[in-house]
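> Starting from the known structure of chain B, fit chain S onto it as the hints suggest.
Those protein sequence lines, which keep their order, are chains B and S.
So the first sequence is numbered by the working numbering: it starts at 82 and just counts up by one.
So the second sequence is numbered by the working numbering: it starts at 7 and just counts up by one.
Hints are computed from structural coordinates only; laboratory data are not their basis.
Among these hints, one or two may not hold up.
From the derived model, a few chain B residues whose C-beta atoms are all more than 10 Å from chain S [unchecked claim]:
hint, residue
1, Lys-87
2, Ala-127
3, Lys-129
4, Thr-131
5, Val-142
6, Ser-143
7, Lys-152
Simulated restraints, written as ranges between beta carbons of each label pair [what the hints assert, rightly or not]:
hint, chain 1, residue 1, chain 2, residue 2, range
8, B, Gly-169, S, Phe-143, 47 to 53 Å
9, S, Thr-108, B, Lys-156, 43 to 49 Å
10, B, Ala-137, S, Gly-153, 46 to 52 Å
11, S, Ala-123, B, Ser-101, 19 to 25 Å
12, B, Ser-101, S, Val-160, 46 to 52 Å
13, B, Gly-158, S, Ala-100, 43 to 49 Å
14, S, Phe-143, B, Ser-100, 48 to 54 Å
15, S, Ser-121, B, Arg-168, 48 to 54 Å
Just so you have them, the derived chain S footprint on chain B, three or more residues with Cβ under 8 Å [to be verified]:
hint, region
16, 92-105
17, 132-138
Treat the numbers as computed from the prediction; the structure is a model and nothing was measured.
Where a beta carbon is used, it is the ideal one built from N, C-alpha and C, also for glycine.
Letter by letter, the chains look like this.
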Amino acid sequence: MSEISKLTELRKLLLDMESSMGLQDLSSVERDIYYAASDHAISAGAVKTTVLQEHALLAQVSRPTFFRGLKSLQKKGYLEQCKNSTRGYYIVKAPR
Amino acid sequence: MGQQRLIQETGIVSLAYLAAFFVTFEILMPVQSIFFPEFNNQASLLFLPHGVRVLSAWLLGWRSVLALLPGVFIVFVYSAGDLAFTPSRLAGIAIAVTIPATIFHLLRLLGWDLSPATGRRPCWPCIMVAGLLISLFTSVLTNFAFGSAAEEYVAYLIGDVFGLFFLMLILMLIFRSLRRYGV
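Same shape as in the complex, but just chain B:
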């Protein structure tokens, strides 16, 4: 694991803590999409929707729920659609 991924893992752990304390505004599906995107973004930079859907955490999530979660994460500033590539690629953002 690289330095960035360790920081990401620590951030994921503390997001879990934030969520348990009711300080975070993400649903469980949104959180799983964000975790999955963080995992892939470490190695690839941007992450493709189809790759996200195949992630172990999202295997049981239906397609409509997945896309609703994805849209909501974009709205909340956690993910951003890649501008300089074809559709379906997302960048993990530091949420505001």
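Chain S only, in chain B's frame:
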């Protein structure tokens, strides 16, 4: 590349350990002695360095042994002076750096793998449980090496568990603030 990463990890973890130690002993302990003067003045009720030991062992595994070593050694020399080189203190240093990674490894062997991995949800209460186990084993072994009194076990245990929780809470608030300012 691997050696450079190890040096970098050792620097970050040991500095974090030293920072946690100085905050605990130079800021929190004087406050503690005002509110709980009857408590043993060596046992902090909010021992933040335990959090650094647990989180570094969780993130780095066995590499945390080397990463923690300089920080733990400096703390022992700072607290005990020349006595840091006595067999009991050296045993204390060895216990402090090896037990966290050993407990995570034992838990993995017992089928409870908490190490961060792709596709695994993080679980902060699980880290707290691991931290409690690490504290139990560390305090029993350290007190055995030092020949400390039984009531100190409880004080160390409370300090470790609260230390881990509050360190995670502090980090959570730092990450939240960083997010707010877009860092």
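> Hints first: check each against the structure and report whether it holds.
Consistency of the hints with the structure:
1. Lys-87: violated (5 Å)
2. Ala-127: About 17 Å separates B:Ala-127 from the closest Cβ of chain S, which puts it past 10 Å; holds.
3. Lys-129: holds (15 Å)
4. Thr-131: Since the minimum Cβ distance to chain S is about 16 Å, B:Thr-131 lies beyond 10 Å and the statement holds.
5. Val-142: Since the minimum Cβ distance to chain S is about 13 Å, B:Val-142 lies beyond 10 Å and the statement holds.
6. Ser-143: holds (19 Å)
7. Lys-152: holds (20 Å)
8. B:Gly-169 to S:Phe-143: 47 to 53 Å: holds (49 Å)
9. S:Thr-108 to B:Lys-156: 43 to 49 Å: Holds, at about 45 Å.
10. B:Ala-137 to S:Gly-153: 46 to 52 Å: holds (49 Å)
11. S:Ala-123 to B:Ser-101: 19 to 25 Å: holds (21 Å)
12. B:Ser-101 to S:Val-160: 46 to 52 Å: violated (27 Å)
13. B:Gly-158 to S:Ala-100: 43 to 49 Å: holds (46 Å)
14. S:Phe-143 to B:Ser-100: 48 to 54 Å: violated (30 Å)
15. S:Ser-121 to B:Arg-168: 48 to 54 Å: Hint violated: Cβ distance 35 Å, outside 48 to 54 Å.
16. 92-105: holds (count 10)
17. 132-138: Holds: 3 residues of the region 132-138 of chain B have a Cβ under 8 Å from chain S.
Comparing the model with each earlier hint shows violations of hints 1, 12, 14, 15; every other hint is respected.
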